[in-house]
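Sequences and hints are given; from them, build the entire structure.
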Amino acid sequence: MDRPLAAMRRIIRSLLRFWSASLAVQMEYQLNLLIELLAVLGNLAGSVLTLSLFYDHGQRLGGWSWEAALVVLGLYTLLDGISSTLLQPNLGELVKQVQNGTLDFVLLKPFDSQLWVSLRTWSPWGLPEIVMGAILAQVGVWRSGVRPDPQSLLMAMLMVSSGVLILYSLWFVLAATSIWFVKIWNATEVLRSLLGVGRYPLSAYPNSLRLLFTTLLPIAFLTTVPAEALLGRATPSWMLASAAVALLSLAGSRLIWQLALRHYTSASS
Amino acid sequence: MGFTEALARAWRIARALLLSQYALMLEYRAEILLWALSGLMPLLMYAVWSGAPAGAAAGLSPAQFARYFLAALVVRQFTVVWVVYAFEEDNLLGRLSPLLLQPLPLIWRYVAAHLAEQATRLPFVALMVMGFVALVPAALPPADPVRLLLALLAMHLGFWVSFLVQHAITMLCFWSERASALERLFAIPSLFLSGLLAPLDVFPAGVRAAALHSPFAAMLYLPAQLASGGPIDLAAGFLNTFAWLALLIPLNIVLWRAGVRRYAAMGA
Chain A
1 MDRPLAAMRR
11 IIRSLLRFWS
21 ASLAVQMEYQ
31 LNLLIELLAV
41 LGNLAGSVLT
51 LSLFYDHGQR
61 LGGWSWEAAL
71 VVLGLYTLLD
81 GISSTLLQPN
91 LGELVKQVQN
101 GTLDFVLLKP
111 FDSQLWVSLR
121 TWSPWGLPEI
131 VMGAILAQVG
141 VWRSGVRPDP
151 QSLLMAMLMV
161 SSGVLILYSL
171 WFVLAATSIW
181 FVKIWNATEV
191 LRSLLGVGRY
201 PLSAYPNSLR
211 LLFTTLLPIA
221 FLTTVPAEAL
231 LGRATPSWML
241 ASAAVALLSL
251 AGSRLIWQLA
261 LRHYTSASS
Chain B
270 MGFTEALARA
280 WRIARALLLS
290 QYALMLEYRA
300 EILLWALSGL
310 MPLLMYAVWS
320 GAPAGAAAGL
330 SPAQFARYFL
340 AALVVRQFTV
350 VWVVYAFEED
360 NLLGRLSPLL
370 LQPLPLIWRY
380 VAAHLAEQAT
390 RLPFVALMVM
400 GFVALVPAAL
410 PPADPVRLLL
420 ALLAMHLGFW
430 VSFLVQHAIT
440 MLCFWSERAS
450 ALERLFAIPS
460 LFLSGLLAPL
470 DVFPAGVRAA
480 ALHSPFAAML
490 YLPAQLASGG
500 PIDLAAGFLN
510 TFAWLALLIP
520 LNIVLWRAGV
530 RRYAAMGA
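Those sequence lines, one after another, are chains A and B. Position 263 of the first sequence, counted from 1, bears residue number 263 in this note's numbering, the numbering being contiguous throughout. Position 180 of the second sequence, counted from 1, bears residue number 449 in this note's numbering, the numbering being contiguous throughout.
Just so you know, these hints were derived from the structure itself, not from any lab. Glycine included, every Cβ here is placed at the ideal spot set by N, Cα and C. Treat the hints loosely; a few may be bogus.
Below, computed lysine to any residue pairings styled on SDA-like, alpha-carbon distance capped at 25 Å [unchecked claim]:
(1) A:K96 x A:K109
(2) A:K96 x B:W304
(3) A:K96 x B:N360
(4) A:K96 x B:L361
(5) A:K109 x A:R17
(6) A:K96 x B:L362
(7) A:K96 x B:E358
(8) A:K96 x A:L195
Which bits of chain A does chain B cover? Going by a derived footprint, with three or more residues having C-beta under 8 Å, they are [claimed, not checked]:
(9) 25-32
(10) 37-44
(11) 187-195
Only some residues are given here: those of chain B computed to face chain A with a beta carbon under 8 Å [as the list claims (entries may be wrong)]:
(12) A326
(13) A327
(14) F461
(15) A467
Structure (structure tokens):
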């Protein structure tokens with residue numbers, strides 16, 4: 001085993017190689033850029049229109065102002081873009097590898113297998129969504145009249161990162177269960193549709209669901225809590241909870257992966 | 270061949286196709302359960318709408334939202350279409366050529382697969398409905414047999430509208446390898462304008478009028494509104510559905526004929 005620093009450098013160097021290779025492959029399909037741009041704009045327009053229905057006649061949704069709700073929607077769009085860029089391409093590949101038995105080759109490589117299956121490839125087509133989401137969140141913050149100072153901006157970034165880690169763990173755990181159930185890809189569709197909850201602030205939901213979305217399925221930490229942080233009104237306890245949930249779910253994903261590998265018997269055996 | 274013989278032959282083929290596809294789908298019932306679960310969006314939208322002041326301001330009670338979204342959930346389950354993905358895979362993997370040799374237009378194989386999948390879904394949808402009604406008793410639709418039958422009819426016609434729209438896009442597979450990307454684009458207005466996320470009644474008047482004349486309203490809003498007992502212009506709704514069907518059927522025939530003529534197998 002090499003020293004940690006050297007190992008880290010090796011991992012980063014390999015990842016850069018992988019990613020430039022996948023970019024080269026995707027560039028074969030340039031028309032996709034146009035289609036993805038249209039899809040992102042269409043989706044965004046539709047989401048904003050749907051959100052605006054809740055603000056007709058001067059009403060509010062869950063006590064959130066229109067501008068503040070836009071921050072939530074922006075963060076949702078950003079996370080959805082991350083799903084399309086990293087999570088879906090990689091974890092979809094994992095499910096395929098389990099089906100075809102090619103996961104064997106990954107496990108034989110001198111590279112951390114969880115990192116490999118999670119970060120092996122990426123798709124540039126989710127980038128427009130990430131950018132549009134970030135812009136929408138920015139517009140919402142700005143129009144709410146909030147001018148965040150560097151410190152709260154840093155905290156907000158941490159909350160967003162926690163959200164990303166939680167999102168990753170949810171996807172990864174689901175994909176890892178394909179080692180037991182093989183045909184699991186549809187389950188990610190269930191996850192994606194449940195994540196749609198994150199389009200609206202948590203307080204828009206009834207109490208029972210709020211509890212569900214903060215504990216069992218921590219969607220609140222994906223969009224609502226980071227949005228509160230961006231708007232400069234997150235309480236320290238929520239921030240701590242968010243960081244704790246992120247670390248816990250990351251550790252959980254590691255644990256599940258190790259457990260899954262112990263059960264892995266390769267295809268057709 | 271006489272008419273009765275032709276009919277008997279069609280019945281034999283339909284039976285064989287449906288039964289074999291049903292057996293195939295039963296193999297994948299766990300997967301279909303997951304598909305069914307991924308259609309829970311209307312229930313989440315119910316949770317938001319029932320507590321939203323904007324819903325009350327638009328004159329809709331929580332009970333009305335409950336009935337509407339339960340109906341939307343059911344309709345959505347039986348109008349989901351995936352022919353473009355099945356066809357694209359068959360095309361890319363070279364399975365299309367042997368299928369094209371069969372003396373049966375390919376479309377019927379996919380129609381049978383969809384109907385068989387709907388039959389496989391049935392028990393899961395029944396469970397979801399029972400669960401929702403147990404949680405929210407107000408969601409139970411009014412016992413009006415005529416309206417419910419009309420809703421069933423509208424739902425099945427809605428399936429045909431969705432199927433034919435997607436099948437038309439699927440035919441572009443003959444020209445391009447990326448027909449499913451086009452389907453992705455088409456799914457966007459269908460998500461927002463079909464009434465899945467909100468009954469069309471709460472939309473601004475202009476958007477609502479446009480949606481009511483679109484195939485999207487035929488796919489979900491019309492049957493859902495019928496089943497939930499909400500106010501609806503029956504004649505205009507069905508007229509819209511039939512108008513789209515009248516447009517889509519010839520379009521699909523033309524595209525299919527032109528496409529098959531172009532077909533040259535993958536990799537050739």
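Each hint, compared with the structure:
1. A:K96 x A:K109: 18 Å, holds
2. A:K96 x B:W304: 18 Å, holds
3. A:K96 x B:N360: 19 Å, holds
4. A:K96 x B:L361: Given that 25 Å is the threshold and the Cα spacing comes to 16 Å, the pair holds.
5. A:K109 x A:R17: Answer holds: K109 of chain A to R17 of chain A is near 16 Å, not above 25 Å.
6. A:K96 x B:L362: 15 Å, holds
7. A:K96 x B:E358: 14 Å, holds
8. A:K96 x A:L195: It holds: about 23 Å lies between the C-alpha atoms, which stays within 25 Å.
9. 25-32: Answer holds; 3 residues pass the 8 Å Cβ test.
10. 37-44: holds (count 4)
11. 187-195: Coverage by chain B holds here, the residue count being 6 at a Cβ distance below 8 Å.
12. A326: 4 Å, holds
13. A327: 7 Å, holds
14. F461: 4 Å, holds
15. A467: 5 Å, holds
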